[in-house]
Each structure stands twice: as C-alpha cells, then as structure tokens.
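So the sequence shown is numbered by the numbering used here: it starts at 516 and just counts up by one.
Think of the hints as simulated: they come from the structure by calculation, not from any bench.
You can trust all of the hints, since none of them are fake.
Cβ pair distances, simulated, as ranges:
{"hint": "1", "residue 1": "His537", "residue 2": "Ser560", "range": "14 to 22 Å"}
{"hint": "2", "residue 1": "Phe584", "residue 2": "Arg534", "range": "16 to 24 Å"}
{"hint": "3", "residue 1": "Gln604", "residue 2": "Val571", "range": "21 to 29 Å"}
{"hint": "4", "residue 1": "Ser622", "residue 2": "Asp531", "range": "30 to 38 Å"}
{"hint": "5", "residue 1": "Arg534", "residue 2": "Ala598", "range": "17 to 25 Å"}
{"hint": "6", "residue 1": "Asn615", "residue 2": "Ala551", "range": "33 to 41 Å"}
{"hint": "7", "residue 1": "Asp610", "residue 2": "Ala551", "range": "38 to 46 Å"}
No experiment lies behind these values; they were computed from the predicted model shown.
The C-beta atom is built at its ideal place from N, Cα and C for all residues, glycine as well.
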Amino acid sequence: MTLVLNKATTVLPVDDAERARHFYADTLGLPHRGVADDGSEMFGSEGGPMLQLMPVKDGMHSEHTALSFEVSEIERTVREMEAKGVAFQDYDLPDLKTENHICTTDSEKCAWFMDSEHNVLCVHENITTAADYQL
516 MTLVLNKATT
526 VLPVDDAERA
536 RHFYADTLGL
546 PHRGVADDGS
556 EMFGSEGGPM
566 LQLMPVKDGM
576 HSEHTALSFE
586 VSEIERTVRE
596 MEAKGVAFQD
606 YDLPDLKTEN
616 HICTTDSEKC
626 AWFMDSEHNV
636 LCVHENITTA
646 ADYQL
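Take the sequences, apply the hints, and build the full model.
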C-alpha cells in the first residue's frame, strides 16, 4: 500500500456548517465543491487535497494547529487576511514569539488564527529549501 500516491482529505469538526462554509469560501477563498450526504461541506481543487468540514454536535477542537496553508509571501497574506476580518493570534512565550503576528524560525515563518469554529489554522512560508531538511 502506497498512501503517498493518493489524495488526502483533512477533516475538521464544525459546530455550524453554514457559518464555516462562509468563512472558508468567502474569507479564505477556498473553492467550495459541494455538500456531502452527511452534511459535510467539501472544499478543494480538482484532483488536489480536499478539506471536509464535518458538522458535529458539541465538537471537540484541538488546541494545536489543525491545518496549515503554505504561502509564498506571508506578510502580504497576513495583511490581506486581516483586511477580510481574520484575527491572528500573538504569542510571547520563551520558545514562541510573534512580531506583527508572525513567528520566524530557522526554517519558516508562521502566523496562526482561528476559523469560525475555533479550529486553530496557520499560514506558513518556508524559508529553507527541501534540500536543507535532513531526515
């Protein structure tokens, strides 16, 4: 079995599917693919990874990043998202500090925000190349 050759779907719990659909489609600009039989809102581009927003009653939400979007210019992305009403999280911890909502590490720049359903999401920009990673 080779999973790497298959399309992946990220499933996030949502309390209000309609509110979540508006956030992901209108605020984040993700292409809405339709509604599944179970009421899940489906997002994604043809043949690419999918995002499924699954309605759950009293859903559990992670306190950690549930989904991260790679971007090419994080500063511009943060400004554009703020203009659409996205509120970014700021941190001032010993190992995690943000400046203008962005945390810079040796390998990437990251900015975290919550979706309409309190799932923690992230936008990140890689500042190293794949060749820089040692596995």
